[in-house]
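Colleague: Heads up: the sequence lines are chains F, U, V and C, in that order. Counting in the working numbering, the first sequence runs from 1 upward without gaps. Counting in the working numbering, the second sequence runs from 1 upward without gaps. Counting in the working numbering, the third sequence runs from 1 upward without gaps. Counting in the working numbering, the fourth sequence runs from 1 upward without gaps.
Simulated from the structure, these hints should not be mistaken for lab results. Among the clues, some could well be false.
Put simply, identical chains are the same to the list, so a pair is met inside one copy or across any two.
Unchecked claim - Here are the simulated DSBU-like cross-link-like pairs (lysine-lysine), alpha carbons at most 35 Å apart as the crow flies:
1. 142 - 100
2. 100 - 157
3. 157 - 146
4. 152 - 100
5. 142 - 123
6. 146 - 123
7. 152 - 142
8. 142 - 157
There are 4 protein chains.
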Amino acid sequence: MSAEQPQQLPDTSAISFPDPGNQGEWFTYLVRVFPHHTDYYGVVWHGTYLTWMEEARVEYLRSVGVPYEDLVALGCDLLVVELSVRYHRALRLGAEAILKTRIFQTNGVRLCSDYLLESNDGKELYLSATTVLVPIDSDRGKIMRKLPPTVKDALAKITKFTA
Amino acid sequence: MSAEQPQQLPDTSAISFPDPGNQGEWFTYLVRVFPHHTDYYGVVWHGTYLTWMEEARVEYLRSVGVPYEDLVALGCDLLVVELSVRYHRALRLGAEAILKTRIFQTNGVRLCSDYLLESNDGKELYLSATTVLVPIDSDRGKIMRKLPPTVKDALAKITKFTA
Amino acid sequence: MSAEQPQQLPDTSAISFPDPGNQGEWFTYLVRVFPHHTDYYGVVWHGTYLTWMEEARVEYLRSVGVPYEDLVALGCDLLVVELSVRYHRALRLGAEAILKTRIFQTNGVRLCSDYLLESNDGKELYLSATTVLVPIDSDRGKIMRKLPPTVKDALAKITKFTA
Amino acid sequence: MSAEQPQQLPDTSAISFPDPGNQGEWFTYLVRVFPHHTDYYGVVWHGTYLTWMEEARVEYLRSVGVPYEDLVALGCDLLVVELSVRYHRALRLGAEAILKTRIFQTNGVRLCSDYLLESNDGKELYLSATTVLVPIDSDRGKIMRKLPPTVKDALAKITKFTA
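Sequences are here, hints too, so could you generate the full structure?
Modeller: The structure is reproduced here in structure tokens:
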């Protein structure tokens with residue numbers, strides 16, 4: 001196994017994101033591979049990417065004025081209910097990469113996100129993924145019927161149009 | 001939020017596993033929720049489930065005579081290339097649950113697994129998931145054209161028929 | 001590096017546990033190394049051991065009638081305030097080992113634990129460690145002046161005598 | 001429990017770092033608490049801090065011209081053999097803090113590090129810690145008798161004098 005090259009994982013095509021027309025802009029989040037991210041095989045353990053996807057989501061919302069800890073203090077939690085990941089190339093110890101994320105609203109309260117993890121020059125694709133989150137009223141333990149206004153307004157800023 | 005009840009996450013139907021006829025038997029793996037598995041919301045963090053899915057997969061293979069460390073020593077690694085998870089109910093601190101797993105072979109070397117995380121009495125479904133793994137020749141860093149004989153033979157034992 | 005042998009980490013002597021006379025019996029907890037426990041070096045990542053130490057502590061308390069989730073429901077959390085670990089030999093992928101734990105009370109409410117991670121035959125020592133936990137009243141966010149009676153009674157069972 | 005204030009964990013004094021005169025300058029590394037860092041209690045899980053200590057160590061070495069992945073490629077791994085942590089205040093979801101780290105050499109090849117995790121204004125101390133690492137020759141699986149020249153030279157830059 002070549003130590004210089006990220007290893008290509010054949011056989012799996014990237015997730016193709018359907019374009020509902022309102023996904024908004026890509027937010028970019030820089031990641032770096034530390035020893036605790038890797039496994040015995042010398043590359044990033046497949047579950048580690050979920051920590052980066054969460055970080056990118058949270059930082060995207062913060063960047064548009066919705067710090068996640070403020071939402072939580074208001075009694076709203078965003079729980080992941082669906083997740084799909086395709087692994088295209090393995091990322092090695094010490095590597096840097098860019099995780100691109102966009103967030104948009106579909107079917108009422110569901111928050112959808114797309115992810116692309118790419119090399120800094122954009123030439124390599126390491127991972128493509130999607131998640132769906134729903135807002136939970138933490139006092140009642142039930143899904144909210146409407147998104148909190150701060151989230152709805154923030155999404156309106158970052159997507160072309162919301163439902 | 002009721003502390004006694006696992007919380008239902010609405011809006012997402014379970015993954016329906018198509019039956020190609022050769023998925024074999026369900027292997028059961030007991031999990032228990034410790035503090036390090038949870039997050040601030042008081043339930044299992046969504047990425048934690050991937051550690052249990054990996055453990056169940058590895059123990060299933062061990063139970064049919066394929067200790068994963070032996071495969072690795074022979075130069076064969078099984079890398080996750082696809083992953084899909086649906087979260088139905090959140091699992092709380094201290095809870096026990098049963099992770100059911102089955103492994104089967106499709107499209108040549110691809111190893112598919114289905115997962116159902118259920119309450120001990122089988123009445124609650126917490127999570128449904130699928131993964132796809134491919135065998136990598138660790139010396140060459142390339143996908144193997146054939147599964148190692150020990151894996152192929154083990155799969156023949158646990159599936160009705162293999163391709 | 002020999003793949004068969006756990007690797008010895010020289011230069012560090014085991015933590016010597018002073019004997020205050022009341023540490024009680026060792027509780028044994030079996031651990032197994034899965035891929036997600038390892039790092040690029042092929043052995044268990046040094047932070048992973050803390051998850052096992054927590055699991056052993058929680059299972060010890062459960063075995064003497066104090067399920068940790070019940071303590072939490074009563075408003076008592078046990079927070080780690082001190083931690084020391086010495087790493088003697090690295091544990092490899094697929095290895096099994098026995099984590100021995102004992103819990104005792106010193107200086108009023110402080111719960112001390114000692115840990116020894118050993119090979120199944122007791123001939124190899126992988127890790128020695130100690131932790132100190134304190135009980136927190138989760139409503140007030142302050143340390144409790146006395147241990148909850150269930151914890152105090154359980155400790156009385158597992159230690160020779162308590163302060 | 002006050003949601004606004006980090007919670008003080010009483011009863012444990014900070015680790016006092018003896019001053020051998022050559023610890024060099026403090027390197028500062030910014031950390032932010034994401035959901036995956038927390039546990040059910042709403043604060044950072046005690047093992048999470050080890051990931052940040054590792055990241056700070058690796059970034060410190062990178063900043064003085066020793067990318068860790070280059071060391072690994074040369075056959076030198078730095079393994080943690082000793083670790084001590086004291087937890088003074090719990091860090092909450094969304095919080096930012098500064099992890100200060102310094103690295104110095106003692107007793108030949110042992111690399112010692114001190115850590116202080118502080119609030120941005122330096123008024124709160126969350127954690128104090130120390131680690132000891134040793135360089136391993138990864139081909140032979142044995143401790144190196146001398147530090148690799150690049151590490152030795154880098155340490156000479158960041159400490160007042162080396163042994």
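Colleague: Next step is simple, just say for each hint if it's right about the structure.
Modeller: Here's how the hints hold up against the structure:
Taking the shortest alpha-carbon separations for residue 142 and residue 100, both the intra-copy value of 30 Å and the inter-copy value of 27 Å come in at or below 35 Å. With identical chains, the CA atoms of residue 100 and residue 157 are at most 35 Å apart within one copy only, with a shortest distance of 18 Å there and 37 Å across copies. Proximity of residue 157 and residue 146 under a CA criterion of 35 Å is satisfied intra-copy only: 17 Å inside one chain copy versus 51 Å between copies. For the homomeric pair residue 152 and residue 100, the shortest alpha-carbon distance inside one copy (21 Å) is at most 35 Å, but the shortest distance between copies (38 Å) is not.
Taking CA atoms no more than 35 Å apart as the test, residue 142 paired with residue 123 passes between copies only; the shortest distance there is 20 Å, against 43 Å inside one copy. Only between protomers do residue 146 and residue 123 lie at most 35 Å apart by alpha-carbon distance; the minimum there is 30 Å, versus 40 Å within a single protomer. Within a single copy, residue 152 and residue 142 get their C-alpha atoms as close as 18 Å, which meets the 35 Å cut-off; across copies the closest is 37 Å, which misses it. Within a single copy, residue 142 and residue 157 get their C-alpha atoms as close as 27 Å, which meets the 35 Å cut-off; across copies the closest is 42 Å, which misses it.
Checked against the numbered hints given earlier, this structure breaks none of them.
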